[in-house]
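Those protein sequence lines, which keep their order, are chains A and B. Terminal number for the first sequence in numbering that gives the first Met the number 0: 272, no gaps in between. Terminal number for the second sequence in numbering that gives the first Met the number 0: 314, no gaps in between.
Hints in this document: simulated from the structure, not taken from any laboratory. Check before you lean on any hint, since a few could be wrong.
Residues on chain B that point at chain A, a partial pick, calculated with CB under 8 Å [to be verified]: (1) 50; (2) 62; (3) 66; (4) 95; (5) 116; (6) 117.
Just so you have them, the derived chain B footprint on chain A, three or more residues with Cβ under 8 Å [as the list claims (entries may be wrong)]: (7) 122–132; (8) 183–197.
Label pairs and their computed distance ranges (CB to CB) [claimed, not checked]: (9) A:50 - B:82: 53 to 63 Å; (10) A:99 - B:20: 33 to 43 Å; (11) B:174 - A:85: 52 to 62 Å; (12) A:93 - B:20: 33 to 43 Å; (13) A:49 - B:45: 55 to 65 Å; (14) B:112 - A:115: 31 to 41 Å; (15) A:104 - B:174: 33 to 43 Å; (16) A:158 - B:20: 21 to 31 Å; (17) B:260 - A:226: 35 to 45 Å; (18) A:181 - B:43: 42 to 52 Å; (19) B:230 - A:200: 50 to 60 Å; (20) A:115 - B:18: 33 to 43 Å; (21) B:20 - A:85: 35 to 45 Å; (22) B:117 - A:264: 56 to 66 Å.
Idealized CB from N, CA, C, for every residue including glycine.
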Amino acid sequence: MKTGDLEQKSWQVRLKLVEMFSHGKAHHFGGSLSCAEILTCIYFHAMNYSRENMDEPGRDRFIMSKGHSVPSQYVILSMLGIIPEDELRTIKRLGTRLQGHPDMRKTPGIEACTGSLGQGLSFANGVALAGRMDSLKFKVYVLAGDGEMQEGQVWEAAMTASHYKLNNICVVVDRNRYQSQGEVDGMMGIEPLQKKWESFGWRAVKVDGHNIPEVCKALDIMDTGNDKPLAIIADTVKGKGVSLFENTYKGHNAVLSEEQYVQAKKEIGEKLR
Amino acid sequence: MDKTATRDVYGKILMELAGKDRDVVAMDCDLGRSTRSFNITEVDPQRFIEMGIAEQDMISTASGMASMGKIVFVNSFAVFITGRAFDQIRQQVSLPNANVKICGSSAGLTQGPDGATHQSVLDVSLMRSLPNMTVIVPADGNQTEKAVLAAYNIKGPIYLRLSRYQTGNFLSEDLKFEVGKAQIIREGEKVVLVSYGSVLKNVVDASDILAETGVSVGVVNFHTIKPVDRGVIEELAGNYKLVISIEEHSIYGGLGSVVAEVMAENGETEQHSRLVRIGIKDTFGESGTADELLRKYGLDAEGIAERVGQLCEEA
Chain A
0 MKTGDLEQKS WQVRLKLVEM FSHGKAHHFG GSLSCAEILT CIYFHAMNYS RENMDEPGRD
60 RFIMSKGHSV PSQYVILSML GIIPEDELRT IKRLGTRLQG HPDMRKTPGI EACTGSLGQG
120 LSFANGVALA GRMDSLKFKV YVLAGDGEMQ EGQVWEAAMT ASHYKLNNIC VVVDRNRYQS
180 QGEVDGMMGI EPLQKKWESF GWRAVKVDGH NIPEVCKALD IMDTGNDKPL AIIADTVKGK
240 GVSLFENTYK GHNAVLSEEQ YVQAKKEIGE KLR
Chain B
0 MDKTATRDVY GKILMELAGK DRDVVAMDCD LGRSTRSFNI TEVDPQRFIE MGIAEQDMIS
60 TASGMASMGK IVFVNSFAVF ITGRAFDQIR QQVSLPNANV KICGSSAGLT QGPDGATHQS
120 VLDVSLMRSL PNMTVIVPAD GNQTEKAVLA AYNIKGPIYL RLSRYQTGNF LSEDLKFEVG
180 KAQIIREGEK VVLVSYGSVL KNVVDASDIL AETGVSVGVV NFHTIKPVDR GVIEELAGNY
240 KLVISIEEHS IYGGLGSVVA EVMAENGETE QHSRLVRIGI KDTFGESGTA DELLRKYGLD
300 AEGIAERVGQ LCEEA
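Chain A extracted, bound-state conformation:
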């Protein structure tokens, strides 16, 4: 897909996300909005994944480690025809397949149960280790939050991936700088993040997480032949696209009024051709 098309796609993700969330109900806006380009590039540029091959053992896989941002993944899965688009509005309602956090038993296209943070990369390592035993060639992409870097298990898993040379693993850190209750580096500092990943035996690059060519280029590093796993630190804006929620923790899990909802859709709509 061309850069311009991917850009448009990521804004469509935002629009459908806001429509899915609607107004009057609390949802995880901030982190879902910040990762729209990252998810778009992973699914529509990097991954070998479609409705047709989603059950094939050799498919690429995506693990949403920052489980609260799964709504954006639901939107992407609907774009892929895996979830009917009109099902999106059932999110978090009693009886829905679209749970508040990822549930691999309930939702097609969801590969792991996450939500309690820090566990996605470990799970991905297990998928990669099993795939290696079965001589399968596929890649596993993990999206983690920057606040999530505070979980110790992330670094256990980082050791495991480099120890076992799992070069088919790619972690993207959505560096949106805000967590639930405040600014990440004020709550519990995580820098120097790139050096941390490098010191754990990873290749690590830093990109503008809203710049489609930069994100795609970074994801392409997976194909350059190296025995190290790849970490991409993607600088993003929390709440990107909805000005009310940009660069604040207050949109992490928040409610739009009806008026704000109309305004949010208008702002996103202006980005769409």
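Add chain B to chain A, keeping to what the hints say.
The following block gives chain B in isolation, referenced to the frame of chain A:
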């Protein structure tokens, strides 16, 4: 004397299963030679995955492997694997009903000299609270073989509690083993002892001691704590005046609690028995040899016989 512990037989059967099924994998956190999971390397070194000292990472990684069709036996001391990694077990094993076998080794006071930090006396309580989890505690070597095979054959999460206490084989090899079905070891008059795991050896020995003094007590083995054999508990509650649970575990949340729950809910049948729970009483263990600790905490054959003898007089 046969010095086999349940962990030894576990390692042997794990190796045999790995020889037959290429999807059987073992993981460990720097304790593989103690838990016996390392035995699998004799069949295929590639199917032993050393995870370093990182139980949380191990459980989540195991869940990922299980999602690929692997049958994953994860290993560490019972205290670490159930306590340190409880949230990972909850979210990534129990919730998705992952085919992961959680093998808690060196469970109970009989872990011995390492003391309170290493003695798992809460693990059964933790594991039985989890949906989808089956909790099995084999009592001796023969039973461990059957338990490991059963764990392998059940598609879903299992907690297998294993011990380093050398009981040998004390149960009849012909005793039928079925997950979820209690085993009547012997019938008694007014009092029945219910137990599980290696300490069952001492319970059986205690009943022998009591028999010599003319006191006949029943003994029942609940090798499956979950799903528990409610029918047998209800029968015991109807047939005996006193049910005594004996376990190498806290009296909170273990077999004693299970029996209490069933008896309390058992309103319809004619029940005239009461329950006494013998076990670790809301405390931690300490350093000592396995036998010294069992003696101190009243779980050796003589200690059990003495306590049960007193209770029989009151019954």
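Here is how each hint holds up against the structure:
Interface hint status for residue 50 of chain B: upheld, as the beta-carbon distance to the closest one in chain A is roughly 7 Å, under 8 Å. The closest approach between the C-beta of residue 62 of chain B and any C-beta of chain A is roughly 6 Å, which is under the 8 Å cut-off, so the hint is satisfied. Look at residue 66 of chain B: its Cβ gets to within about 6 Å of chain A, closer than 8 Å, so that hint holds up. Taken as an interface hint, residue 95 of chain B checks out: its beta carbon lies about 5 Å from the nearest beta carbon of chain A, inside 8 Å.
Taking 8 Å as the C-beta cut-off, the interface hint given for residue 116 of chain B is violated, the closest approach to chain A being about 19 Å. At about 21 Å, the closest approach between the beta carbon of residue 117 of chain B and any beta carbon in chain A exceeds 8 Å, and the interface hint on this residue is violated. Taking a C-beta to C-beta cut-off of 8 Å, the region 122–132 of chain A contributes 10 residues in contact with chain B, enough for the three needed, and the coverage statement holds. Under a criterion of three residues with beta carbons nearer than 8 Å to beta carbons of chain B, the stated coverage of the region 183–197 of chain A fails, only 0 such residues being counted.
Our hint of 53 to 63 Å for residue 50 of chain A and residue 82 of chain B is violated, since their Cβ atoms are close to 42 Å apart. Here the CB-CB span from residue 99 of chain A to residue 20 of chain B is close to 37 Å, well matched to the stated 33 to 43 Å. A C-beta distance of roughly 58 Å is found between residue 174 of chain B and residue 85 of chain A, which places it inside the suggested range of 52 to 62 Å. Separated by about 40 Å at the C-beta atoms, residue 93 of chain A and residue 20 of chain B satisfy the suggested range of 33 to 43 Å.
The beta-carbon spacing between residue 49 of chain A and residue 45 of chain B, approximately 32 Å, falls outside the hinted interval of 55 to 65 Å. Between residue 112 of chain B and residue 115 of chain A the beta carbon distance is about 35 Å. The supplied range of 31 to 41 Å therefore holds. The beta-carbon spacing between residue 104 of chain A and residue 174 of chain B, approximately 37 Å, falls within the hinted interval of 33 to 43 Å. At roughly 29 Å, the beta-carbon separation of residue 158 of chain A and residue 20 of chain B lies within the given 21 to 31 Å, and the hint holds.
A beta carbon spacing of about 53 Å between residue 260 of chain B and residue 226 of chain A contradicts the range 35 to 45 Å that was offered as a hint. Here the CB-CB span from residue 181 of chain A to residue 43 of chain B is close to 49 Å, well matched to the stated 42 to 52 Å. Hint check: residue 230 of chain B to residue 200 of chain A, Cβ distance near 55 Å, so the stated range 50 to 60 Å holds. Residue 115 of chain A and residue 18 of chain B have their C-beta atoms about 36 Å apart, which keeps the hinted 33 to 43 Å range intact.
A hinted range of 35 to 45 Å for the beta carbons of residue 20 of chain B and residue 85 of chain A is consistent with their spacing of about 44 Å. Between residue 117 of chain B and residue 264 of chain A the CB atoms are about 58 Å apart, so this pair conforms to the stated range of 56 to 66 Å.
Hint compliance for this structure: hints 5, 6, 8, 9, 13 and 17 are not met, and every other hint is.
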